[in-house]
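Residue numbers (our numbering), protein chains in the order written: chain A, 1 to 250; chain B, 251 to 665; chain C, 666 to 1493.
Because the hints were derived from the structure by calculation, they are not lab data. Glycine is no exception: its CB is placed at the ideal position from the N, C-alpha and C atoms. A couple of the hints might just be wrong.
Unchecked claim - Stretch-level coverage of chain A by chain C, calculated; a stretch enters the list once three of its residues show a Cβ under 8 Å from a Cβ in chain C:
| hint | stretch |
| --- | --- |
| 1 | 1-15 |
| 2 | 49-58 |
| 3 | 201-211 |
To be verified - Below, a list of computed lysine-lysine pairs in the DSSO-like style, where the Cα atoms sit at most 27 Å apart:
| hint | chain 1 | residue 1 | chain 2 | residue 2 |
| --- | --- | --- | --- | --- |
| 4 | A | K166 | A | K211 |
| 5 | C | K1242 | C | K1231 |
| 6 | C | K1087 | C | K1097 |
| 7 | C | K1154 | C | K1396 |
| 8 | C | K1231 | A | K51 |
| 9 | C | K1396 | A | K215 |
| 10 | A | K166 | C | K717 |
| 11 | C | K817 | C | K781 |
| 12 | C | K1161 | C | K1103 |
| 13 | A | K51 | C | K1242 |
| 14 | A | K110 | C | K941 |
| 15 | C | K989 | C | K1311 |
| 16 | A | K51 | C | K1103 |
| 17 | A | K216 | C | K914 |
| 18 | A | K51 | C | K1154 |
| 19 | B | K575 | B | K269 |
| 20 | A | K51 | C | K1021 |
| 21 | A | K169 | C | K941 |
| 22 | C | K914 | A | K211 |
| 23 | C | K1245 | C | K1234 |
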Amino acid sequence: MKWGMVIDLEKCTGCQACSVACGMENNRLPGEHWQDVLFYTEGEYPSAQLKWFPRPCMHCENPSCMHVCPTGATYKTEDGAVLINWDKCIGCKYCMIACPYGVRFYTDEKPLVEPNVKTVFKSDGEHSWSPPWRMPATREDWKRGVGVQPNDVVSKCTFCYHRISKAPKGVADLDPNDPNLRDYTPACVVTCAPGARYFGDLDNPESEVSKLIAKKRGVRLLDHLGNKPQVYYLAGEAGAVPSSRANNKS
Amino acid sequence: MSMPLPEQQAQMSIPLLLKTLLADGESPSMTRVLKISVGVLVISLAIVFFALLTQGHAAFNTNSYGITWGLPISTYVFLVLTSTGLTFIASLSMLFGFEEFYPVAKRCVWLAVVTLVAGFTVLALELGHPFRMLWAVPLGMQYVSPMFWMGVFYTLYLVLLLAKFWRINAGDWDSPLSRALGIASFVSVVIAHSTLGLLFGMMAMRPMWYDAMLPVYFLITAALSGAAFTVAFTYLSYDIDRKKMAPALREMAFGRALPNVFATLIGITILAAVSRTITGLWSNLDGLQVYAHLVRSPLFQAEFWLGLVLPFFLMLSPTLQRQRKMQVTAAVLVMVSLFIGRLEFLVVGQMLPVFKGSWIPGFIEYTPSFTEWMLVVVAVALTFLLYAAGDKLFRLDEYPGPKGEEMAPQGAGAR
Amino acid sequence: MNVLNTLITRRRFLQATGVAGATAAAGAGLDRLSGFPTLAEAKSALAAEEGKTVITKSVCHQCPARCGIDVYTTNGRVHAIYGSLDSPIANGKLCPKGHLGAYILYDPDRFKGPMKRTNPKKGRNEDPKFVPVSWDEALNTVAARLQSLRDKGESHRFAILFGRGWGASDAGLLGTFGKLYGSPNAEINHSSMCSDASKKAKSCLDGNYSYNAYDYANTNYVLNFGASFLEAFRPFNNNMQQWGLMRTKSPKTRVTVVDVHLNTTAAAADRALYVKPGTDGAMALAIAHVMLTEGLWDREFVGDFKDGVNQFKPGLPVDPASFKEKWTLGLIEWWNNEVKDRTPKWAAEITTIPEKEIIAVAREFGTTRPAIALFERGPTTHTNGVYNGMAIHALNALAGSMFAKGGLFYQMGVPYGPLPVKADDYVDDYAKSGDRKKPRIDRVKTEDWPMASNMLQEIARNHLAGKPYQLDTAMFYLTNPTFNSPDPKAWEEALKDIFVIDTSPFPGETAMLADLILPDHTYLERLQCAESYPFQGWPMTTLRVPAVKPLYDTKVFGDVLIEIGKRIKGPMGEYYKALKDTENVIRHLAKGFEKAPGDNGVTGFDTWKDKGVWYKKPYLWQQIRGEFYEWDGKSYNKPMKPEEVKAKLIKTESGKFELKSSYLEHYAAYINKKLGIPEERVGFPQWVAPQYTGGGDLHFVTPKTAMHAEGRSANLPHAIALQQPTVGGNKTVYLEIHPDTARKRGIRNGDKVRIKSPVGGIEAIARYYQGVRPDTVVLPQEHGHWAMGRWAKNRLPTGSTTEVTANVSEPISGLAAYYTGKVTVERA
């Protein structure tokens, strides 16, 4: 069992619904984009290019963030998700240094948008803030980095672990159009209007994700680093997998 | 002699300790340093604590866009590598037989303890959960993490260093135990500093840091840092007045060995810096664009030309190298240069955005916040405070005689 | 052990409760009134939160599309919103805005109940000093005012101005209200500040004053003029679903986008062409020219030369007798009077799009079937908007796409049940009296705006000029012209001496000038029905079921209206007493489903509530190879007579797609006066040069982005953080400016700049963008508030984009020409 995601860049419209759905489902701060869509421009008018690239956590098979963690707070689950145990995280932020994809957040920092939502929706003392739409307390799971985090820990995409971990055992794909599987599917996959996202078991050769990777020649981001992401991209004609992390190419 | 003997120290009461510390005794300047640094430490700590208690680490200007580690971490790196270097200098005489360096050995060991403690203090205030670290790291046993080993070896190093200091403070310079402690602390710090080097050097996703030889680079610059601290703090203890020094120390200060060692270390550092920089400028590898940005920065230019090249020539020049003012100037310039260098190494290594797209169209900007600067002030004040206290409580100018006998320095002045 | 942490936690605990709580309570003010539970309450709520999660069917309110949503509620707290699988528009999906509903519900800046103004002075810097009043007092105040106007015979001086209407239980009640009360101004829609020109362009040609339904799933070519298909064009969510399909089906749907800058819509397309603002019509005419000269028109729909030989030669007239038209009218006249000279070379000069590109697009569009030409505010918010739109819409006739599979058509109505009472039975003598025949305050249907349906943007200046009269009382529903009307400062003046009633739950600019606040529920608290906008043709209506009880003392707008009605003396009061409330209205409407059960099993109010939507497929008509057929229960088999086509589909006077519009010809003198077109030519889709206002040297275009949640995204931190990703706008929106354009003005990337016109000026941060025309600057609208909530205020830009926009409107539709202004930009 190894959960993985496939993102079809040819279908992706760059609308950011994934980012917002994630932010609301997982109670993220404005700007704490566990799931982000990155825009890149190149070239000159009238031949300028605008490309975009959705970026969740890659949930690497060989996660460098986990390897550098001095306490074991970052760990990999049996079903392939990379999670953070907030009770063990010491806030050293080494994982943020070691992640080649920039997917980790330390939110004890100056707010992106003022006034700070943390002061508007004040914490009850344990959480770093308390949005009125936060998930029910019963879903919160600090050992897996789910819910509103306490202060001074690192946070990251969990593949919506509170959803996928409740999926029926042995299911090949979590299809958001299936009413019986929808509530177990990651928020970004559920909401993706053009249907650019797929989620399923990479270990199962019969799964839709495995087939898509095979048929449409799925690629992984910065594969040369050897982290082996469990998120695959289908580039098609979109050609939007950034060859470079750099936006400013000059 | 107002100095309490080591045996007395154990029974020393707090009022006596305070009295000893505040008595002008033989070094009124150290008393002044002590008083000022206590004041500065109290104020800066109060500011830092207030900021951390009200804003938390949002009081820092570090951010999730990519400048994850900022000034406090570079200060930590600067201080612990300085500690490493000081141990090297101390080991020159204690382990490697360069006996002309004996007069500064004890001072170096104490200063190594001091800088290490100051470094740890800054790190603790930077960490999200410093107290959790105390149990989570040992219980976690994450032997794959360079940071885990850094913790292990720096802790070991601190313990050994304290033990070594305890031995030499008791006059035991050369017993098998003392020698063993010396060797062990040297080895542990070499490994500790290497793990720190690898903590950065193994990060393949950060091309500016990715370098298996980074521990060697750290070793060179650490030694230089240690040498600069040795020169600066030794002179500080004698009010930059060689006449107040013991003969052996004075001989060392007047001699060619010190400036030559200093110049050599600066020279190798220059070589390493140039080699790193031109490699970065020459290579097309994505992630090394930062070097072009770096060399355009006035700070880098100042750090290189004023902080390394100028001291190099000062220490090379037969006419200048032995002048005390030149030595102090060179030491201070090198200290500042290395401090800037550590910050640059850290920040420039992170300033290229990693998958931030249009949110960060250029490099990530970072200017340390007031609180972060206050943390530096805490570290500096703590270094001075502990050094001055050490200067007063222990005889940092002690060194062993030709046969391992302790020499009470026969200073021209009060000492 | 964890001393520091405990200290921090302890300190924050104190902050969170005592200290800050006290400040909030004492500081008071509108913004500060906290409705959130105290710490103790929050903790007990946490402990108690073992409750079951309930999913309520509702309808999104962040754009007009009407996506069905599943609202997840646990113990009375909304914590998630997803698209509903029951909704044919949403299909379980949402656009980025849709998830932010909980933010709107729990918005800390909401009004908590009815309030009245106690500071008689009005202005930006005047604190209204609102004090709470009871609903009874508030409603009685309004009723007394209305009654007294009626008693004085001045009921026309009461107006209701509204933005987004939410169906028959909501804005649908307004017409009746005006009729019973006796005011022509009770139903003034914002449509002239929205996109009336695109509806008007369509009605001129095919007689349907409506947006279109499009069969994207079956089309093979989309030619898109200035519609932000992947950002704002409704239904945005479904557009994206269709996009996923179009771009992966076989054959792949090819897309050409004509716009003024590189947005995601243009970037995702196969071809992006940057047109000079307001000249899209020239491009469309050139495409028509190529389609005709190269024989690429659809002969089955349009007709053909009698001898089958193409006689369309550039510049040469054609003998009308030689051509036999089928479903179009006036093709040859159109050619002879307009299209024959509209060569790609000519258009290239006007549009700045290279001739080669125009020809290539024309050939693609002309040779790919089915093909759709669609357009929205890009071409139409100009002084020549309707003619631009007509030129583009004419292409749909040439391609034979009207009512065809893979083409475009219109939306069917919903078979609602009748209301409990008939309004006509309750019109009293006063309301019937000839004295009540007053012109509307916005002067539509007068010699000023004979063809427009609304002119909301004219009201402020009409009132200030007393022409035709001054308003006494104005009620605003879901519209905030004080911020978004062209030249909004006129409204700040006008509202000073009008008794203003705002019904928004949010402290917008209009509310700051209001005398009375009658706050609506936010949408997750409402029971409300809403018929679908044009979607896929077949009828559909949606139901918004309250997910939570209202958090505050608010009242749904429909009920406010009914309650006011009840308080008016005479038959009007009786009518509203019989109507009872909006729920009763909706229950009666739902009775229609008993006879017309929905495809999803909805047969009445309760099943409607369960599903959140009623719909009945299919669309009943289709044009197949130039013949029209009606659905016979199994397929499109029943041939339609021309009269049936005229009655149901092509509703022009001729029953044909009129390339010489009879509707426009009725207003030939007016059009001649306003646009200078010779009277005999007014009926043709044609090139009319736009009249740029402002006198600056840069076109100023102010589009929506994907994060534009109806009037609210400026106060939603999550929306702000994602507002304009194409150029990195995540705490402010940036002015997109071409680097050469900027450098010539000494503007560096990231400089603050001043955007000026004779109307006004605002400041924003400029960002270099190679994706924008060098003669154009682009700044997304909806930001730059001086009210509207704590996040909306005091953020750049320094004012609404409309503060730079002259109040000039397209004369036929009345659409405000938002994009026709030219500005100067300089370093601030």
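Practice prompt. If any of the earlier hints don't hold here, list their numbers in rising order.
Written response: Of the numbered hints given earlier, those the structure breaks are 3, 8, 9, 13, 14, 16, 18, 19, 21, listed in rising order.
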